[in-house]
Amino acid sequence: MREIDVADVTRAIAELAMDACYNLGDDVLAFFEAALEREESEAGRDVFRQLIQNAEIARREAMPLCQDTGLAVVFLEAGQDVHFTGGSLEEAVDEGVRRGYTEGYLRKSAVVAPFAERTNTGDNTPAILHTRIVPGDRVKITVVPKGGGAENMSALAMLKPAQGRQAIVDFVVDVVSKAGPNACPPMVAGVGIGGSFERVAFLAKKSLLRQIGSVNPVPRLAELEDELEALCNDLGIGPQGLGGRITVMDVFVEEAPAHIAGMPVAVNIQCHSARHKEVTL
Amino acid sequence: MEKKLVTPFTDEAAADLRAGDKVLLTGTILTARDAAHKRMIELLDRGEPLPFEIVGQVIYYAGPSPAKPGRPIGSIGPTTSGRMDVYTPRLLDLGLKGMIGKGYRSPAVKEAIVRNRAVYFAAVGGAAALGAQRVTDARVVAWDDLGPEAIRELDVVDFPVIVVNDIYGGDLYEEGRRQYERGGS
Numbered sequence: 032m033r034e035i036d037v038a039d040v041t042r043a044i045a046e047l048a049m050d051a052c053y054n055l056g057d058d059v060l061a062f063f064e065a066a067l068e069r070e071e072s073e074a075g076r077d078v079f080r081q082l083i084q085n086a087e088i089a090r091r092e093a094m095p096l097c098q099d100t101g102l103a104v105v106f107l108e109a110g111q112d113v114h115f116t117g118g119s120l121e122e123a124v125d126e127g128v129r130r131g132y133t134e135g136y137l138r139k140s141a142v143v144a145p146f147a148e149r150t151n152t153g154d155n156t157p158a159i160l161h162t163r164i165v166p167g168d169r170v171k172i173t174v175v176p177k178g179g180g181a182e183n184m185s186a187l188a189m190l191k192p193a194q195g196r197q198a199i200v201d202f203v204v205d206v207v208s209k210a211g212p213n214a215c216p217p218m219v220a221g222v223g224i225g226g227s228f229e230r231v232a233f234l235a236k237k238s239l240l241r242q243i244g245s246v247n248p249v250p251r252l253a254e255l256e257d258e259l260e261a262l263c264n265d266l267g268i269g270p271q272g273l274g275g276r277i278t279v280m281d282v283f284v285e286e287a288p289a290h291i292a293g294m295p296v297a298v299n300i301q302c303h304s305a306r307h308k309e310v311t312l
Numbered sequence: 009m010e011k012k013l014v015t016p017f018t019d020e021a022a023a024d025l026r027a028g029d030k031v032l033l034t035g036t037i038l039t040a041r042d043a044a045h046k047r048m049i050e051l052l053d054r055g056e057p058l059p060f061e062i063v064g065q066v067i068y069y070a071g072p073s074p075a076k077p078g079r080p081i082g083s084i085g086p087t088t089s090g091r092m093d094v095y096t097p098r099l100l101d102l103g104l105k106g107m108i109g110k111g112y113r114s115p116a117v118k119e120a121i122v123r124n125r126a127v128y129f130a131a132v133g134g135a136a137a138l139g140a141q142r143v144t145d146a147r148v149v150a151w152d153d154l155g156p157e158a159i160r161e162l163d164v165v166d167f168p169v170i171v172v173n174d175i176y177g178g179d180l181y182e183e184g185r186r187q188y189e190r191g192g193s
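Chains as they are written, first to last, in this note's numbering: chain A, 32 to 312; chain B, 9 to 193.
Any given hint could turn out to be false.
Unchecked claim - Quick list of the computed label-pair ranges, beta carbon to beta carbon: (1) L32/B <-> E71/A: 23 to 31 Å; (2) A144/A <-> P80/B: 27 to 35 Å; (3) N54/A <-> D145/B: 21 to 29 Å; (4) Y176/B <-> E71/A: 24 to 32 Å; (5) R123/B <-> A61/A: 39 to 47 Å; (6) A253/A <-> L51/B: 53 to 61 Å.
These are computed hints drawn from the structure, not numbers from a lab. Each residue gets a CB set at the ideal place from its N, CA and C atoms; glycine is no exception.
Build out the structure end to end from the sequences listed, making use of the hints.
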């Protein structure tokens, strides 16, 4: 049994939130730099030039890459041999979000009563917390500031098994097509296939934690990802929707067993500000 | 080629802008997004005046992150314009001349843009640290209680945008996509 004070969880989440919002991942930056050479559209290249410059300024000035610092999505994998001490784990996570977003001058974008008052909670809590119990005595925490523009263009479909693979392809490409300039392309399409209604959405979200350019270890899924990426880029939407060859930075597919009656598919759209940072305690 | 535009601006200046033009804005612009638009329309419904002069004005759909001490503003980039579509034609009919945002506009907004000789610009979404560098001052004009959604007047210098919808019916999102679309999908 290993004891971990929840104050350490709070501290880690506050730091991860700021780090994610200020410092663009090396994988995304490398994508922008390669895209600057590859994109045929002049307006598209200008977008990449601005995004590279933006990343430099944000890092240097310790300020958010994007003003939409999102809802704070937190993945927390706790080893089953860990005993959390010093208070409530969930409260500690929210306290981490509160501190990170306040001390880091990040925008507070959470409102209560979505169809009524829509009053800002003032500190960006509550976090969207996904916990999982895993073997061991470590705690892995990932913070994903998830912006609203791309999230709004995400979609889920309960497809029929008889519709097969082609229906999945058509659905994903249609979601990306409709997302267009609204989702701040070049975007990432995180695709979940299988599971139940809520599991498939979780899979789509979880897939966004992968590195841009990473190859799916399952050949059947890697092939699907490549096909989807090519079809999405053929849409011509381009960087920021101004027209161009590069509409997606990547497509990630995660799957799970499904019910005999079902073939759920979820597409979680991520803008180019693909922010996620992790730490292991 | 980059054009320069001083804001607020006139019908004559709008006539010189075409979909696809890169433009650097210098002058004052107003931020307003979902909640501020809702309140503006509520004021108009009650027959009350808006808290700013709208003729010739440019509205930037943006809610900045908080300013660090000593800075005029935090990171600022465009939010998705389509959420304002339901409110926009009425503001255009009152003289709103320019909008800055990102993403598609509705047919009703595009018609109102042409009808009123207005311009819809896109700024690069997510380039918000860069955007902050082009803002030299910011003042809350109305509804401070809305926090990031308050209406702010910004002084901007060489603020980079691109024309999406012009007074002639041009639409860069449609034209750009058509140019690069490949068949079969």
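Evaluation of the provided hints:
1. For the pair L32/B and E71/A, the supplied restraint of 23 to 31 Å holds, since their beta-carbon distance comes to about 24 Å.
2. For A144/A and P80/B, the hinted distance range of 27 to 35 Å is satisfied, since their beta carbons lie about 32 Å from each other.
3. A hinted range of 21 to 29 Å for the beta carbons of N54/A and D145/B is consistent with their spacing of about 28 Å.
4. Checked against the given bound of 24 to 32 Å, the beta carbons of Y176/B and E71/A, roughly 26 Å apart, stay inside it.
5. As the Cβ distance of R123/B to A61/A is approximately 46 Å, the hint placing it in 39 to 47 Å holds.
6. Our hint of 53 to 61 Å for A253/A and L51/B holds, since their Cβ atoms are close to 55 Å apart.
In terms of the numbered hints stated before, the structure departs from none.
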